[in-house]
Amino acid sequence: MYVRVPRPRSLAGQLFAMQAVLIAVVVAGYALFTYVSDRGQAEDSARRQALAVARSVADSPSVREAIGTSDPTAELQPYAMRVMTDAEVDFVTIMNPQGIRWTHPVETEIGQHFRGNIAPALKGRPFTETYTGTLGASVRAVTPVEDGDHRVIGLVSAGIRVEEISKRVQGQLTAMLGVAAGALALGAIGTYVVNARLRRHTHNMNAAELSAMHDYHQAALHAVREGLLMLDGQFRVALINDGGRELLGVASEADVVGRSVAEIGLPAPLTGALLASEPRVDEVHLTAARVLVVNTSPVSGGERRGTVVTLRDVTELQSLMGELDSERGFTQALRSQAHEAANRLHTVVSLIELGRAEEAVDFATAELELAQALTDQVVAAVGEPVLAALLLGKTAQANERGVELVVSDDSRLDDGLLPPSLPSRDLVTILGNLIDNAVDAAQGSVPARVTVTAYTEDRELVLRVCDTGAGVDPAHTEAVFQRGFSTKPAGPGGRGLGLALVRQAVNRHEGSLTVAEADEGGAQFEVRLSLEGGDGSERVSEGAVVSGSGVVPGGRTSEASGASGASGASSVSGVSGASRGSAVTGGRVSGGGATSAGSAVTGGSAVSGDSTVSGGNPVSGGEA
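Under the working numbering, residue 636 is the last one in the sequence shown; the count climbs by one each step, no gaps.
Keep in mind that the hints were calculated from the coordinates and are not lab data.
Every value quoted in this text rests on a predicted model; they were computed, and no experiment measured them.
Every clue listed holds true.
Calculated lysine to any residue pairs in the SDA-like style (CA-CA distance at most 20 Å, straight line):
no.	residue 1	residue 2
1	K179	R59
2	K179	T142
3	K135	A64
4	K179	A43
5	K135	G160
6	K179	T46
7	K135	S68
8	K179	G190
9	K179	S49
10	K179	A149
11	K135	Q110
12	K179	V48
13	K135	D71
14	K179	T97
15	K179	G148
16	K179	Y47
Modelling step: build the complete structure from the supplied sequences, incorporating the hints.
Printed below as a string of structure tokens:
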């Protein structure tokens with residue numbers, strides 16, 4: 013049989029019950045204490061009142077005179093009744109030293125013996141006591157009446173019944189109980205209001221549920237690999253998980269918790285995003301060594317309580333996006349060049365069909381000589397295979413956009429100079445982004461030219477890129493390296509990240525990056541990187557070559573990659589090994605036709621599907 017287990021009372025309910033019981037106990041204790049205290053005070057007050065009345069009567073000259081008469085009762089009884097009424101006492105008894113009453117509220121008791129202790133009074137000492145007499149229990153005082161020689165000639169007893177004292181206390185107790193009830197009601201209302209607020213804050217969960225929620229919170233917080241920050245309403249760090257400390261380069265949680273995000277040394281753009289009141293969605297920011305995607309969301313429950321910040325490390329993803337952008341660019345370049353190559357091949361075929369073989373050979377070899385001249389120029393100036401491949405690819409890409417990319421005569425960079433501490437990926441990021449920005453700037457200018465210089469000087473690698481564009485406003489020489497700064501229209505992937513990535517890579521290797529006005533009027537960007545740290549003999553591990561903005565394992569480049577530079581699939585190692593009139597493919601010489609920008613057609617296959625030319629002879633089947 014199913015037995016329903018009652019749900020434990022919520023934390024707010026438990027606290028309400030505890031507080032209600034506590035308030036009730038406190039009020040009851042206070043009432044009891046007050047009652048006992050008031051009862052004692054009432055009895056003390058009755059003793060003082062009775063003693064004062066007895067002394068007043070004993071000191072009265074008329075009383076002493078009446079005692080000396082033959083019938084004291086005749087004069088003392090009316091007097092005693094008046095005093096009893098005026099002084100609000102229950103009895104005033106005047107008696108002789110033997111205790112025989114001269115006065116009493118009950119006339120039948122006159123002449124009877126006084127019930128109670130009179131010994132101290134006979135010795136001249138007034139005293140008080142609680143005694144049960146003819147009128148019941150009473151608090152009484154007994155005082156001697158002395159003559160001029162201080163002899164005791166009579167006694168006066170005044171008293172208040174205990175019943176009357178109890179009535180007085182009960183009246184006070186009723187008022188006190190009313191006050192206690194009011195205090196209890198106010199305490200209950202206050203407790204209810206406080207607990208209702210607590211119930212809202214704890215979502216009506218009990219202590220076990222809150223404890224479990226805390227455990228789940230801690231487990232989830234430290235299990236999430238993404239960075240997570242919680243900021244309070246004053247933008248102070250209230251919480252940060254392990255991923256957040258790693259991504260922001262924070263040594264320990266104690267270094268940031270309780271501090272404003274403006275004080276923990278984050279880059280200014282990232283700090284601005286965290287301090288912004290509006291939410292941020294998938295916003296890219298740079299730190300010293302990482303590319304982060306930042307999302308912020310306010311925590312509100314009727315009022316702004318803080319901000320939740322998530323951080324994702326997209327350093328590798330950004331590198332892949334750079335490769336993809338290069339792939340897209342080279343795909344467009346290849347599509348255009350394929351069309352141009354098809355026209356040339358049709359021209360060669362037509363010349364052969366017309367029986368003008370020599371003219372066909374001259375036409376084909378002239379195109380090959382043009383392509384090979386560019387390859388020879390780049391390889392002769394820059395022996396470093398990664399940079400050579402990048403320059404060849406960027407040359408083809410720039411040519412398609414109507415920009416001439418030139419390697420200056422001052423360039424001289426032999427293979428093997430780069431140390432292991434300077435990876436090829438960072439070189440491609442630096443030089444590739446500088447060339448891309450220069451081509452964008454030079455496009456549309458006359459002449460449209462980008463000049464690249466690469467050489468070593470004083471154990472430093474110097475990379476200089478100049479363009480003939482509009483140049484950089486001197487007021488923006490620092491802002492151009494900030495993430496998000498750009499003078500170009502925003503694209504699908506955003507703008508203003510390329511130069512920021514360049515500076516990040518340069519800072520990572522403790523180099524320098526400067527911008528100045530070029531000799532031809534455009535902008536000149538210069539990067540200097542230290543070559544200290546190795547001979548560079550194992551620059552790329554296991555035969556890996558650079559593709560796009562990253563390293564692709566396997567000893568070959570990906571086709572149409574932005575890093576290799578050679579359209580199609582020219583390998584880095586095969587650039588310098590191409591013979592005159594031959595294209596480089598996969599590290600071997602292949603008889604493919606060259607494009608107008610100097611890039612070889614991959615695999616030697618004709619783009620149009622017709623025969624290609626190798627050494628002036630037609631080759632059928634579309635193979636080299």
